[in-house]
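J.: Let the hints inform the model, and build the full structure from the sequences given.
2 protein chains.
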Amino acid sequence: MKNSIDFYFDFSSPYGYFASCRIDQIAGRHGRSVVWRPYLMGAVFKVTGRGPLPEQPLVGDYARRDFLRSARLHSIPFQMPARLPISAVGPSRAYYWLQGQDAEKAKALARALYSAYFVGGRDISEPAQIAVVAESFGVEPAVLANALQDPAVKERLRQETDAAIARGVFGSPFVIVDDEPFWGNDRLDQVDRWLARGGW
Amino acid sequence: MKNSIDFYFDFSSPYGYFASCRIDQIAGRHGRSVVWRPYLMGAVFKVTGRGPLPEQPLVGDYARRDFLRSARLHSIPFQMPARLPISAVGPSRAYYWLQGQDAEKAKALARALYSAYFVGGRDISEPAQIAVVAESFGVEPAVLANALQDPAVKERLRQETDAAIARGVFGSPFVIVDDEPFWGNDRLDQVDRWLARGGW
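For the protein sequence lines, the chains are D and E, in the order given. Each residue of the first sequence is one higher than the one before, starting from 1 at the first, in the working numbering. Each residue of the second sequence is one higher than the one before, starting from 1 at the first, in the working numbering.
Hints are not guaranteed to be accurate.
To spell it out: a stretch of chain D is covered by chain E in this simulated footprint if at least three of its residues, at any positions, have a beta carbon under 8 angstroms from a beta carbon of chain E; those stretches are [what the hints assert, rightly or not]:
hint : region
1    : 43-52
2    : 57-64
3    : 159-172
4    : 181-188
To give an idea of the interface, some chain D residues facing chain E are shown, with a C-beta separation under 10 angstroms as derived from the structure [unchecked claim]:
hint : residue
5    : Arg69
6    : Arg72
7    : Leu73
8    : Arg193
9    : Gly199
10   : Trp200
Because the hints were derived from the structure by calculation, they are not lab data. Where a beta carbon is used, it is the ideal one built from N, C-alpha and C, also for glycine.
T.: In structure tokens, the structure reads:
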């Protein structure tokens, strides 16, 4: 049984979204499964001193153009959200709560949340919007509302974020293959190559 | 006659060095020439609020690992310099001074300066080290020393740096193809594709 690979992302990251549409297929070609690990870039920025790309002079203009170009390149549906970035706390908690019950269903929820934000234009930082998406997975709104405030779920997200940073993770997407780190959607081709060859 | 493409880089940037080893070959496949435009990332950092990768927590550790990995991937000779970053003022001035006389020779000098730093371990921020490299191109040390302090050469580098920033350039390497910007050595495959197709 080959090791699974770790896929770190922030729910507010367009590049994380693009990678989410590609990573399982790439890993699957090499007989690998993928563990999705949403975490909070806000916590990373406190360590690195960096900030969200869209807010940086020059870099932000390039990023907004590149989001659209990257989506076209990979034929991924994408609409620039009205608000970017947003807080990823709510969708991340929803993911980890559901993961405790059904890992595959949690991954499907994560995909649906990303689509709701980057295709449907829903602000998934809002619990009401998360509830709409979760309901299509059979989750009652009242159950979801409790889950988002569950101390164990909150703690899980904190631990995941701390563990990611302790492991050297600082971007979205960020993929780790057998301890080899790859930062950025534009490095998924290298992930593919690394998986095929076991390094270079 | 097709438009030439613009290649922006900082002499202190490993990714700029890697791109310098690849960009002319990529452009040449599509009948394009390349104008090399060294500029100063220090001026960019004042605008973007960013700083050198090696100095950023988490990011620096990743970058140092990725420099070596990127060099291996593209079979480019590379030794991590003892000092990184260094000031790119001297080598940039040497380049623009020689460019005023012979553009191809200036590009060859730039390649030799990059090699001296990233393969030979010479600190090319030092005028004496630049002189050693320039001498192999038939430039007398006294002539070079004057060139590095020539007000017109100083002004040219300032203008190139200002013009780059005014054009939205903020990284090294940064390539512009017919007004389409590409940031990063890991985007040269996209430059290749863009040149082949005229966009996507």
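J.: Each of the hints needs a verdict: does it hold here or not?
T.: The hints, checked one at a time:
1. 43-52: n = 6 at 8 angstroms, threshold three: holds.
2. 57-64: holds (count 5)
3. 159-172: holds (count 4)
4. 181-188: holds (count 5)
5. Arg69: 8 angstroms, holds
6. Arg72: Nearest chain E Cβ about 6 angstroms off; hint holds.
7. Leu73: Where the cut-off is 10 angstroms and the nearest Cβ of chain E is about 6 angstroms from D:Leu73, the hint holds.
8. Arg193: 8 angstroms, holds
9. Gly199: This interface hint holds because 9 angstroms falls under the 10 angstroms limit.
10. Trp200: With a minimum Cβ separation of about 6 angstroms from chain E (threshold 10 angstroms), the hint on D:Trp200 holds.
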